[in-house]
Each structure stands twice: as C-alpha cells, then as structure tokens.
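S.K.: Respectively, the protein sequence lines represent chains A and B. Residue numbers are given in our numbering: position 116 of the first sequence equals residue 116, and the series is strictly consecutive. Residue numbers are given in our numbering: position 275 of the second sequence equals residue 275, and the series is strictly consecutive.
These aren't lab readings, by the way, just hints derived from the structure by calculation. There could be a bad hint or two in this list.
Per label pair, the in silico range of CB-to-CB distance [stated by the list, open to error]:
no., chain 1, residue 1, chain 2, residue 2, range
1, A, 18, B, 441, 57 to 65 Å
2, A, 18, B, 227, 26 to 34 Å
3, A, 28, B, 150, 42 to 50 Å
4, B, 210, A, 56, 14 to 22 Å
5, B, 227, A, 28, 39 to 47 Å
6, B, 390, A, 28, 24 to 32 Å
7, B, 17, A, 58, 54 to 62 Å
Capping the alpha-carbon separation at 35 Å, the derived lysine-lysine pairs in DSBU-like fashion look like this [said to hold, decoys possible]:
no., chain 1, residue 1, chain 2, residue 2
8, B, 205, A, 15
9, B, 9, B, 202
10, B, 76, A, 15
11, B, 202, A, 15
Backbone N, C-alpha and C fix where the C-beta goes; we use that ideal spot for every residue, glycine too.
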Amino acid sequence: MSSIDPRDPAPSRIKYRMERLWLTPVYRSLIRTGIPAALVLLVLGGYLKDPDTQARMARSVTQARAMIEDRPEFSVKLMRIQGATDPVATMVRESLTLVFPVSSLRLDLAAVKEKVEQVEAVKTADVFLRGGILDVEISERLPVLVWRDQGALELLDGEGARVGGVAHRDARVDLPLIVGKGADQHASEALEIIAAIGPFAPRLRGLQRIGERRWDVVLDRHQRILLPTENSVRALERVVALQRARDVLSRDVLVVDMRDGRRPIIRLSQTAMTELRRLRKIADGEDASL
Amino acid sequence: MTHLYETQKAMRARRRSALQKGLVAILDVGTSKIACMILQFDSSVQSEAQDGLTAMASHGAFRVIGVATTRSRGVKYGEVSTMEETERAIRTAVQAAQKMANTRVDYVIACLGGAEPRSYGVAGSVHLENGSVMDCDIGRVLASCDVPDYGPGREAVHAMPVNFALDHRSGLTDPRGQIGNRLSVDMHLLTINTAAIENLLKCIKRCDLELAGFASSAYVSGISSLVEDEQELGGACIDLGGGATGVSVFLKKHMIYGDSVRMGGDLVTSDISLGLQVSLSVAERIKSFHGGVMATGMDDRDMIELGGDTGDYDRDRRQISRSELIGVMRPRVEEILEGARECLDAAGFDHLPGQRIVLTGGGSQIPGIEGLASRILGQQVRLGKPLRIQGLPQAATGPAFSSCVGLALYAAHPQDECWDFDLPVAGIGSQPLKRAMRWFKDNW
Numbered sequence: 001m002s003s004i005d006p007r008d009p010a011p012s013r014i015k016y017r018m019e020r021l022w023l024t025p026v027y028r029s030l031i032r033t034g035i036p037a038a039l040v041l042l043v044l045g046g047y048l049k050d051p052d053t054q055a056r057m058a059r060s061v062t063q064a065r066a067m068i069e070d071r072p073e074f075s076v077k078l079m080r081i082q083g084a085t086d087p088v089a090t091m092v093r094e095s096l097t098l099v100f101p102v103s104s105l106r107l108d109l110a111a112v113k114e115k116v117e118q119v120e121a122v123k124t125a126d127v128f129l130r131g132g133i134l135d136v137e138i139s140e141r142l143p144v145l146v147w148r149d150q151g152a153l154e155l156l157d158g159e160g161a162r163v164g165g166v167a168h169r170d171a172r173v174d175l176p177l178i179v180g181k182g183a184d185q186h187a188s189e190a191l192e193i194i195a196a197i198g199p200f201a202p203r204l205r206g207l208q209r210i211g212e213r214r215w216d217v218v219l220d221r222h223q224r225i226l227l228p229t230e231n232s233v234r235a236l237e238r239v240v241a242l243q244r245a246r247d248v249l250s251r252d253v254l255v256v257d258m259r260d261g262r263r264p265i266i267r268l269s270q271t272a273m274t275e276l277r278r279l280r281k282i283a284d285g286e287d288a289s290l
Numbered sequence: 001m002t003h004l005y006e007t008q009k010a011m012r013a014r015r016r017s018a019l020q021k022g023l024v025a026i027l028d029v030g031t032s033k034i035a036c037m038i039l040q041f042d043s044s045v046q047s048e049a050q051d052g053l054t055a056m057a058s059h060g061a062f063r064v065i066g067v068a069t070t071r072s073r074g075v076k077y078g079e080v081s082t083m084e085e086t087e088r089a090i091r092t093a094v095q096a097a098q099k100m101a102n103t104r105v106d107y108v109i110a111c112l113g114g115a116e117p118r119s120y121g122v123a124g125s126v127h128l129e130n131g132s133v134m135d136c137d138i139g140r141v142l143a144s145c146d147v148p149d150y151g152p153g154r155e156a157v158h159a160m161p162v163n164f165a166l167d168h169r170s171g172l173t174d175p176r177g178q179i180g181n182r183l184s185v186d187m188h189l190l191t192i193n194t195a196a197i198e199n200l201l202k203c204i205k206r207c208d209l210e211l212a213g214f215a216s217s218a219y220v221s222g223i224s225s226l227v228e229d230e231q232e233l234g235g236a237c238i239d240l241g242g243g244a245t246g247v248s249v250f251l252k253k254h255m256i257y258g259d260s261v262r263m264g265g266d267l268v269t270s271d272i273s274l275g276l277q278v279s280l281s282v283a284e285r286i287k288s289f290h291g292g293v294m295a296t297g298m299d300d301r302d303m304i305e306l307g308g309d310t311g312d313y314d315r316d317r318r319q320i321s322r323s324e325l326i327g328v329m330r331p332r333v334e335e336i337l338e339g340a341r342e343c344l345d346a347a348g349f350d351h352l353p354g355q356r357i358v359l360t361g362g363g364s365q366i367p368g369i370e371g372l373a374s375r376i377l378g379q380q381v382r383l384g385k386p387l388r389i390q391g392l393p394q395a396a397t398g399p400a401f402s403s404c405v406g407l408a409l410y411a412a413h414p415q416d417e418c419w420d421f422d423l424p425v426a427g428i429g430s431q432p433l434k435r436a437m438r439w440f441k442d443n444w
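Turn these sequences into a full structure, and let the hints steer you where they fit.
M.R.: Given below as structure tokens:
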C-alpha cells in the first residue's frame with residue numbers, strides 16, 4: 001500500500017463529487033437562484049407576518065399619501081357654479097357637501113358630476129378643475145308644465161322630468177296644467193296638444209290624462225274635448241277646424257268626443273237638448289207650446 | 001461470444017444516448033500522461049452524417065470543449081497497476097476538463113495502450129437463402145465466424161468485418177442487396193486482457209463515470225494519424241507511447257492487425273537515469289530537451305549540464321556531451337523499433353500493397369527518429385501528427401495526443417463492428433424448453 005504523494009494534485013473524492021454536482025445545471029440553478037430567492041422570501045415573509053409591522057407599513061403609506069395630497073399645488077379652494085339660477089346653485093351646493101379647501105387627488109370628479117346631476121333642476125352638469133377652482137357648469141331644466149297629481153303640484157320640463165314643486169297653482173299661472181296619473185310620462189305629447197290648441201288657448205283650463213291612456217282637453221264652462229289614444233294632435237286640429245267653421249264650442253255643448261275616428265260626437269247640455277226638441281217640433285208643425 | 005456481444009451492445013447503446021445528450025468524455029489512459037477531452041456533439045449534424053455523408057463530413061459534428069492532461073500515476077506498460085492512484089489521476093484529468101468545459105459529463109469513452117492486444121483473422125461463410133444479401137444475412141455470416149479459442153481471461157474489444165466476399169467476388173465493403181449464393185466474411189478480432197479492462201472499468205466507475213465505449217489505443221492512433229490513402233492502400237501506425245508502443249496495420253480503411261510492444265519512452269528515461277546517474281525527472285528533462293538518436297560530429301562538442309539533483313549543488317557540475325546521451329538512448333530506441341518490426345513481420349506487412357509507416361506518439365518527437373526508423377522498419381517512414389479537430393487547443397495538437405484525437409474520431413464515427421448487427425440468436429428459443437425438460441428429468 002503506497003501512501004499518497006502529498007504533491008498529488010488530485011481532488012479528493014468529496015471535492016470531485018461536489019464539483020460534479022455544481023456542474024449539474026439543475027443543482028447549479030437551484031443553488032445560485034433557488035436557495036437565495038427562498039431565503040429572501042423567508043426573511044421577508046417572517047418580517048411581514050408581524051401585525052405591528054403591517055400596521056406600521058400601512059400607516060407610513062397613508063402618511064406619505066396624505067403628505068402628497070395635502071400639498072398646496074393640489075388643493076381646491078372654491079367652487080364656481082355657472083349657468084344656474086341662484087336657488088338651483090344653492091341646491092347644488094347643499095347637495096355636494098364639500099368642505100373647502102379639498103385636495104384635488106381626493107376629489108372624484110365623476111362622482112361630483114353624478115351628484116350634481118341628481119339635483120332635480122339640473123339637466124346636465126360639466127365639472128372641471130381649473131387651477132384650484134372647481135368649475136361646475138350647469139344647464140338647468142326649464143319648467144314648462146304644472147302637473148297636479150293627487151293634490152301635489154309639481155313642475156315638469158319638456159321631457160316630463162321633475163324640476164321642482166310649487167305650492168299654489170297661482171304661483172305659475174304662466175304654465176299650462178296637466179292632471180292625472182301618468183301624465184308626466186307623456187308631457188311631450190301634452191305640449192304638442194297645447195301648441196295645437198289655437199283658438200281655445202284663452203279658454204284652456206288644462207289637460208287631463210284619462211285612464212293613463214289618452215288626453216282630455218278641459219276648457220272653461222265645463223266643456224271637454226275627448227281625444228283618442230292615437231293621433232291626438234290631428235283630432236284636436238279637426239276640432240279646431242270645426243270651431244273655426246261652425247263655432248261648435250261656443251254653443252251649449254258639453255263634450256266633443258273625437259275618440260271615434262270617423263266622426264265627432266257632440267253631447268249637448270240638458271237645456272240645449274230640450275230646446276232642440278222644441279224647435280224640431282215647431283219645424284214638424286206641432287204646437288210649440290205643448 | 002454472446003456475453004461479449006451483449007456487453008458491447010450495451011456500450012454502444014450508452015454511446016448513442018451520450019451522443020443524444022451531446023456530451024461525451026474521451027479518456028486516454030497512458031503510461032506517461034492521462035488525457036481527458038470533452039466533446040460536444042451537435043445532434044443535427046450528427047444525424048446528417050449518419051444519413052450517408054462521408055466519414056470526414058462528420059468531423060464537423062463535434063467540437064472539443066475541454067481538454068486536460070495530467071501526469072499519469074499508477075499506470076505501467078499501458079495497464080493499470082495501482083488502482084487508487086490511477087483513479088486519482090483520472091479524477092484530476094476529468095475534473096480539470098469539466099472545469100474548462102463548464103459542464104459535467106457522465107459517459108466516457110476510454111482507450112488503453114497496453115493489455116497485450118492480440119489480433120485474429122477469422123472467417124465465416126453462409127449460404128444465402130433467397131439469392132441476395134439481406135441485412136439479416138450479414139448478421140448470420142458474422143455469427144458463423146468460427147471464433148478462435150483465445151483463452152480465458154481475454155476479451156474481444158474489436159471485431160470488425162474487414163472484407164466481404166460474394167461467391168468468387170472479393171473485396172466488397174457493403175454487399176447488401178447484391179445477388180449471390182454464398183456470402184463469406186473476413187473479420188478482424190482484437191482481444192486484450194480482461195483483467196486490464198476490468199481494472200480500468202473499476203477506476204472509471206469509482207470516478208462516477210460510465211464507460212460508453214472502449215478502444216485499443218493502437219487502433220485509434222492509427223485512425224487519427226494515418227491519412228486516408230494510407231488507410232486504404234495499406235499503412236502501419238506505430239504509436240511510441242510512454243509505457244507501450246502500439247502497432248496497428250490498416251488496409252482498406254480497416255485495421256487488420258493490432259499489437260503493442262511492452263516498451264516505451266519511460267524505458268529510455270530510466271536508461272538515462274541509470275546510465276548517467278541522475279534522477280528520473282532530470283533524465284526526463286534532458287531526454288526531452290537534448291535527446292536524439294543520430295549522432296553527428298557536432299554533438300561531441302554539444303555539452304549538456306546534468307546538474308544532478310543530488311543536493312550537492314556546489315560540486316555536482318557534471319557535464320556530458322550530447323553524443324553520450326545519444327549513445328544511451330539509441331540502443332533502447334532501436335530495441336523498441338525492432339519490437340515494432342517484429343510485430344509488423346508477424347502481421348505480414350511486407351505483403352501489403354502500400355507500406356507506409358507512420359510514427360506518432362510522444363516518442364516520435366525524438367530528433368532523428370525517422371532516420372533510425374527507416375533503417376529498421378523500411379524506407380517509407382514519416383512522422384505523423386493527429387488530424388485537426390474542431391476546438392482542439394494548440395497544446396493538444398502534438399503527436400502525443402494522436403490516440404486521444406483518434407478516440408474522439410472513433411467516438412464520433414465508429415466503424416461497423418460485429419455487434420452493430422443483429423446476430424441471429426439461435427439458442428434463445430430452445431433454451432427454456434431444454435431447461436424445462438431437464439427440470440422434468442431431475443424431478444421425476
């Protein structure tokens with residue numbers, strides 16, 4: 001048995017095996033990236049698992065956020081409302097409940113816009129930030145109708161949307177009145193009818209929605225024009241033509257019924273009816289005094 | 001032969017899987033140095049080469065990515081003599097080569113210089129059943145070769161079909177598909193000592209490597225240093241190694257004879273050491289720097305400082321003339337070459353059409369050896385260096401690396417050997433039946 005020459009450059013078997021293992025790609029990548037990555041993850045995980053640390057980190061994050069948000073460059077100092085009358089502007093201000101100055105980073109313009117548009121008198125709103133000023137440009141709804149529904153008086157715009165309430169009819173005598181359940185949903189039709197009303201305009205008391213189906217035009221002296229469900233405006237135009245030619249509604253007529261498309265049907269008042277019968281008897285040669 | 005057939009077949013399978021992985025190590029276990037080379041195969045080129053390109057085309061298919069040599073320990077006369085030291089030396093070489101290649105290798109193809117190779121020419125013939133040569137007929141004719149009784153303790157490492165003859169036509173290299181009645185084959189069988197190869201195998205196993213092929217170093221240095229004409233027309237390669245001198249004779253691109261002389265450059269060194277009373281390392285140094293075999297008048301005046309490493313630096317100022325050194329070296333070199341001459345005579349080298357002799361191996365670097373060799377071996381002697389292969393560093397291109405390079409070529413493109421063909425295994429059907437019969441006889 002010869003002893004090993006100390007100058008022998010041969011690697012020991014362990015070293016040789018380790019070297020071979022190191023040269024194996026799988027082990028190599030494992031040792032080079034896998035184990036360090038696992039260690040880092042382990043340490044990080046252990047550090048982050050502590051709830052104190054989590055709270056501290058969350059706090060520092062919010063603090064940093066607040067610090068940036070509170071910078072004067074981002075602050076919004078006042079709100080300017082344009083295109084609205086004073087009462088509407090007040091309503092908008094009340095609805096927003098913003099406390100100025102506010103940071104523009106905390107301000108959700110879309111939400112502000114939505115909130116402003118929820119105000120009834122506002123048709124559309126545009127919200128901008130212009131150099132520290134919150135600009136709200138409003139186009140208001142204009143009331144064109146007064147709607148009485150079960151005793152409450154409400155103002156409607158042309159599309160039937162509610163603009164506001166009114167205490168007495170007298171407050172808005174300039175606007176025509178519509179009555180009845182579901183009338184607001186057909187406000188535009190009502191407007192068309194009112195536009196076509198012609199010679200009856202001074203006598204018009206209002207429109208009544210009947211059975212959520214069709215309109216009645218109510219005139220003074222308890223006269224009514226019953227309009228059909230379809231083609232209501234055309235039917236009214238026929239009545240207007242009848243009035244111009246024959247002065248129908250200046251006579252003692254209670255109702256002009258246009259529901260039957262073929263002919264208008266007229267209901268006379270009681271006195272007119274007896275008078276008519278009397279006159280017919282005279283015409284037939286009978287004694288009128290009988 | 002079946003056992004051998006199986007082991008060789010298994011080695012071939014391992015070689016194939018190594019090539020598929022793309023990495024294989026070459027290990028040349030010599031007496032003076034152990035060289036390890038790591039080859040990287042490009043599998044796409046490799047498959048192209050197998051599709052019928054020439055042998056030279058496949059040289060581009062691999063590239064050397066790591067080379068390391070180390071002084072050999074525990075190897076004598078080209079055989080493992082001290083296993084542990086050899087293992088350590090192999091480990092050194094393999095580790096350094098792996099480090100250079102920056103990858104690990106699992107399969108190794110090895111060659112051994114010594115181990116008393118012996119050549120046999122065997123012949124066999126079969127009658128063709130269907131009038132033309134099929135693939136299976138090749139296997140049959142190879143199986144029909146009457147294997148000589150090479151004795152226990154020996155093992156065949158190469159069994160190459162050298163020549164096929166079909167009826168009266170001889171000299172066929174690939175008879176498949178040809179018409180004929182009788183197919184005969186000449187096969188060259190090279191056997192070596194089983195003990196030597198098993199010792200080497202054990203050393204390699206202990207280094208966590210697997211043997212994917214084994215070759216005789218005489219054969220592989222012939223592959224790398226003989227040019228194609230010499231292999232075709234007949235040529236001998238004499239590999240002057242450290243502990244053994246390999247002799248291989250080639251004809252028609254096949255080795256037809258291989259042998260080794262158990263003498264080499266280490267004997268020259270020990271002669272110098274004994275004759276001039278210097279240590280072995282000094283002897284090796286002056287052999288390498290000043291050695292020669294042809295003395296001239298100039299050499300009498302060429303004085304060499306021995307500087308014998310005796311520890312007595314003040315007084316040990318011995319000098320010898322170069323002719324004295326040549327006088328020590330020449331008889332031994334002559335003896336080695338005469339040994340090679342005997343091998344060539346035994347091989348019938350005189351009868352070959354071409355008789356080129358190529359000297360390679362580390363010993364061929366002695367100045368003037370080609371002159372001496374042509375006196376002993378014949379006129380047509382040249383010095384051979386191995387072929388260039390891709391990625392081989394300059395330091396490993398010398399003649400000392402011819403067997404290493406040859407082994408790389410062998411690994412990339414091995415010649416057909418007997419075990420590459422499917423031998424018809426006659427016994428396999430009847431054997432279980434026989435065993436059953438015997439069992440019945442024994443029990444009733």
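S.K.: Does each hint fit the structure? Answer for all of them.
M.R.: To see whether the hints hold, each was checked on the structure:
1. 18(A) <-> 441(B): 57 to 65 Å: The hint (57 to 65 Å, Cβ to Cβ) holds, given that residue 18(A) and residue 441(B) are roughly 58 Å apart.
2. 18(A) <-> 227(B): 26 to 34 Å: violated (44 Å)
3. 28(A) <-> 150(B): 42 to 50 Å: At 47 Å between Cβs, range holds.
4. 210(B) <-> 56(A): 14 to 22 Å: violated (58 Å)
5. 227(B) <-> 28(A): 39 to 47 Å: holds (43 Å)
6. 390(B) <-> 28(A): 24 to 32 Å: For residue 390(B) and residue 28(A) the Cβ distance comes to about 26 Å; the hint holds.
7. 17(B) <-> 58(A): 54 to 62 Å: Hint holds: Cβ distance 58 Å, inside 54 to 62 Å.
8. 205(B) <-> 15(A): Cα-Cα ~16 Å, so holds.
9. 9(B) <-> 202(B): This hinted pair holds, its Cα atoms lying about 19 Å apart.
10. 76(B) <-> 15(A): holds (27 Å)
11. 202(B) <-> 15(A): holds (20 Å)
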